[in-house]
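Asker: Spelled out from the first residue to the last, the chains are:
2 protein chains.
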Amino acid sequence: MRAYNFSAGPAILPEEVLKQAQAELLDYQGTGMSIMEMSHRGKDYSAVHQETKDNIAKLLNLPDNYSVLFMTGGASTQFSLIPMNLLGEGQTADYITSGAWSSKAIKTAKSIGNVNEVANTAKEIPTCMPTNESLQFTEGAAYVHICSNETIAGTQVKEFPKTDAPLIADMSSDIFSRPLDVSQFGMIYAGAQKNLGPAGVTLVIIRNDLAEKSPESLPELFQYKHFMENDSLSNTAPTFPIYLLCLVTRWLLAQGGLEGIQKKNDEKAAKLYDAIDSSDFYKGTAKKEWRSPMNVTFRLPSEELEAKFVAEASKKGMTSLKGHRSVGGIRASIYNAFPAEGVDALISFMKEFEAANS
Amino acid sequence: MRAYNFSAGPAILPEEVLKQAQAELLDYQGTGMSIMEMSHRGKDYSAVHQETKDNIAKLLNLPDNYSVLFMTGGASTQFSLIPMNLLGEGQTADYITSGAWSSKAIKTAKSIGNVNEVANTAKEIPTCMPTNESLQFTEGAAYVHICSNETIAGTQVKEFPKTDAPLIADMSSDIFSRPLDVSQFGMIYAGAQKNLGPAGVTLVIIRNDLAEKSPESLPELFQYKHFMENDSLSNTAPTFPIYLLCLVTRWLLAQGGLEGIQKKNDEKAAKLYDAIDSSDFYKGTAKKEWRSPMNVTFRLPSEELEAKFVAEASKKGMTSLKGHRSVGGIRASIYNAFPAEGVDALISFMKEFEAANS
Numbered sequence: 186m187r188a189y190n191f192s193a194g195p196a197i198l199p200e201e202v203l204k205q206a207q208a209e210l211l212d213y214q215g216t217g218m219s220i221m222e223m224s225h226r227g228k229d230y231s232a233v234h235q236e237t238k239d240n241i242a243k244l245l246n247l248p249d250n251y252s253v254l255f256m257t258g259g260a261s262t263q264f265s266l267i268p269m270n271l272l273g274e275g276q277t278a279d280y281i282t283s284g285a286w287s288s289k290a291i292k293t294a295k296s297i298g299n300v301n302e303v304a305n306t307a308k309e310i311p312t313c314m315p316t317n318e319s320l321q322f323t324e325g326a327a328y329v330h331i332c333s334n335e336t337i338a339g340t341q342v343k344e345f346p347k348t349d350a351p352l353i354a355d356m357s358s359d360i361f362s363r364p365l366d367v368s369q370f371g372m373i374y375a376g377a378q379k380n381l382g383p384a385g386v387t388l389v390i391i392r393n394d395l396a397e398k399s400p401e402s403l404p405e406l407f408q409y410k411h412f413m414e415n416d417s418l419s420n421t422a423p424t425f426p427i428y429l430l431c432l433v434t435r436w437l438l439a440q441g442g443l444e445g446i447q448k449k450n451d452e453k454a455a456k457l458y459d460a461i462d463s464s465d466f467y468k469g470t471a472k473k474e475w476r477s478p479m480n481v482t483f484r485l486p487s488e489e490l491e492a493k494f495v496a497e498a499s500k501k502g503m504t505s506l507k508g509h510r511s512v513g514g515i516r517a518s519i520y521n522a523f524p525a526e527g528v529d530a531l532i533s534f535m536k537e538f539e540a541a542n543s
Numbered sequence: 186m187r188a189y190n191f192s193a194g195p196a197i198l199p200e201e202v203l204k205q206a207q208a209e210l211l212d213y214q215g216t217g218m219s220i221m222e223m224s225h226r227g228k229d230y231s232a233v234h235q236e237t238k239d240n241i242a243k244l245l246n247l248p249d250n251y252s253v254l255f256m257t258g259g260a261s262t263q264f265s266l267i268p269m270n271l272l273g274e275g276q277t278a279d280y281i282t283s284g285a286w287s288s289k290a291i292k293t294a295k296s297i298g299n300v301n302e303v304a305n306t307a308k309e310i311p312t313c314m315p316t317n318e319s320l321q322f323t324e325g326a327a328y329v330h331i332c333s334n335e336t337i338a339g340t341q342v343k344e345f346p347k348t349d350a351p352l353i354a355d356m357s358s359d360i361f362s363r364p365l366d367v368s369q370f371g372m373i374y375a376g377a378q379k380n381l382g383p384a385g386v387t388l389v390i391i392r393n394d395l396a397e398k399s400p401e402s403l404p405e406l407f408q409y410k411h412f413m414e415n416d417s418l419s420n421t422a423p424t425f426p427i428y429l430l431c432l433v434t435r436w437l438l439a440q441g442g443l444e445g446i447q448k449k450n451d452e453k454a455a456k457l458y459d460a461i462d463s464s465d466f467y468k469g470t471a472k473k474e475w476r477s478p479m480n481v482t483f484r485l486p487s488e489e490l491e492a493k494f495v496a497e498a499s500k501k502g503m504t505s506l507k508g509h510r511s512v513g514g515i516r517a518s519i520y521n522a523f524p525a526e527g528v529d530a531l532i533s534f535m536k537e538f539e540a541a542n543s
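Protein chains in written order, with this note's numbering: chain A, 186 to 543; chain B, 186 to 543.
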């Protein structure tokens, strides 16, 4: 019996994906070995590597002048690699701070180069994103950094700002959850463990002319350029995490691509936010216009009731509903792979719990 | 039907390990979710993380003043991180070059700091390691770097040199294949995909006082110190690769630890080298005193016969016997997890092939 797993990350994966990985774990397509036991340069893994890039290109209608890279170290390592690769001597990078993750990104960048914080809504309650009108960018900035979805705050950028400098977005918690015009961006990146696959691979999609900017003085394995030129295979890639990412992208195409998955995501989120709004017992923590369809954050009348809510839900197979330790409250992460029935189950439980405790 | 998989890496894993991972892939110990779908801070994954460290400490009789770190980016990323962390301004690091991997290590280090190559046997045929007597170390060197087993050359260090400076060893291709006195080393490290698990996690075992040397100016996720202080959990660890590493260490303990596995490795290697030596048709490529029990490299009378050998073996379920593209020939990688019956099967085939083709 599978749990309704509301974990914020590492997070739930599509059951079909896990079943396929399970079925072929000891014998990948008649080869007599697991995909994780094969050379990263052999024909079987090469086909997986290529298909993953092709599926991603299909999902995003990716323009020809972008490259798909598979890196490691999570989004947090990108917080360093971005300024190391793209913030030249004497240049300034603009950072938009909207919560815990973008705060970490700017803190790391500041230790590496010149940074201008163009907005900061990280401490506002209810949680929110800065409005595009409030953003004053630096003329000639090397790039503008933004986080598309703040996992802890439960907020999401609805319309990306227009920028002259290349826009770089950390999309770890909402990548592939909605259609995206990649040409608006210089680079997007995401740790896999929320919406893409297991922890252990970081997806980077970068415009080729930006990747070309990697300084030669950087060690090769820290250079976007080196990953681009070597198809992310200069050294052994994390082949099993990439294989799971391949299966997830295949699953996404079968869901009707990003339009199809967005429809499902919006339906799940709308139901859950409706349940919150139609009650005086539950209170959403994000401003309505910035609410994330991925991470639904809310409070109960007291911390005691929140602890009781989490414990009782867990007994009913609804797990990991506790909010992040830095903010408390409840967080229901309902990524692409989270089933609609799990949202229905949570809503039923919320009603029962309210009736019994208000 | 499982293949006899002689891949040099990613390489064969113990069948028991894969079977357990398969059995619990959708439901880890009754939790209703995969281990890869869980928070890296939750109690189930935390137990795996801790057990992996404990098992490694048990296998190595690890002294208290060493830390076990789980990093990413493979051994090749360590080629940069080692000098970035441990080679101070004005210091020199000694490097021993003995083949393709140590050549890459020194090349990367040279782009970062002051390096002295104390020996170079990378181009010698038959392949070999430098003798300890030939090594003239730099006084006051920051560290001495060595590769314990050259995967491509098929050579292995039999006795590690005594050094005043901390000895740092790349053990990617023979870690946990034989007992080890860790107190001889300042640091040992290994990409997982040969003897430890799948690609995606890098094992680093470092003496705490060395880890303390990480400069504050380095981004945190490049600092050994930061990994040590945060138990490799400052950001999301590659949880599924570490879980497989956990199962492999458990399997190793059940094999009688490093003494037990060494006995099996030596038996497998002795049989295969005997088969080579008792024939004029096959010719080993490494000097006898440096022969690796992990990667057995040999030649046939012609490249045409080598290609035919690889193709016919593959049809019989003995795969990935082709030598590295840079050197040609045959390479049978028989890591810890490679079964003795596979070695017997290869030897039988070698006899048949010789009879039919000589």
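Treat each hint with caution, since some may be false.
Since the list gives no way to pick one copy over another, a pair counts as held whenever it fits inside one copy or between any two copies.
Simulated pairs of lysine-lysine, BS3-like, Cα-Cα distance not exceeding 27 Å [unchecked claim]: (1) Lys-501 x Lys-536; (2) Lys-243 x Lys-343; (3) Lys-289 x Lys-493; (4) Lys-449 x Lys-398; (5) Lys-292 x Lys-468; (6) Lys-292 x Lys-398; (7) Lys-410 x Lys-473.
Note that these hints are calculated values from the structure, not bench results.
Asker: Please flag the earlier hints that this structure goes against, numbers listed from lowest up.
Answerer: Structure breaks hints 3, 4, 5 and 7.
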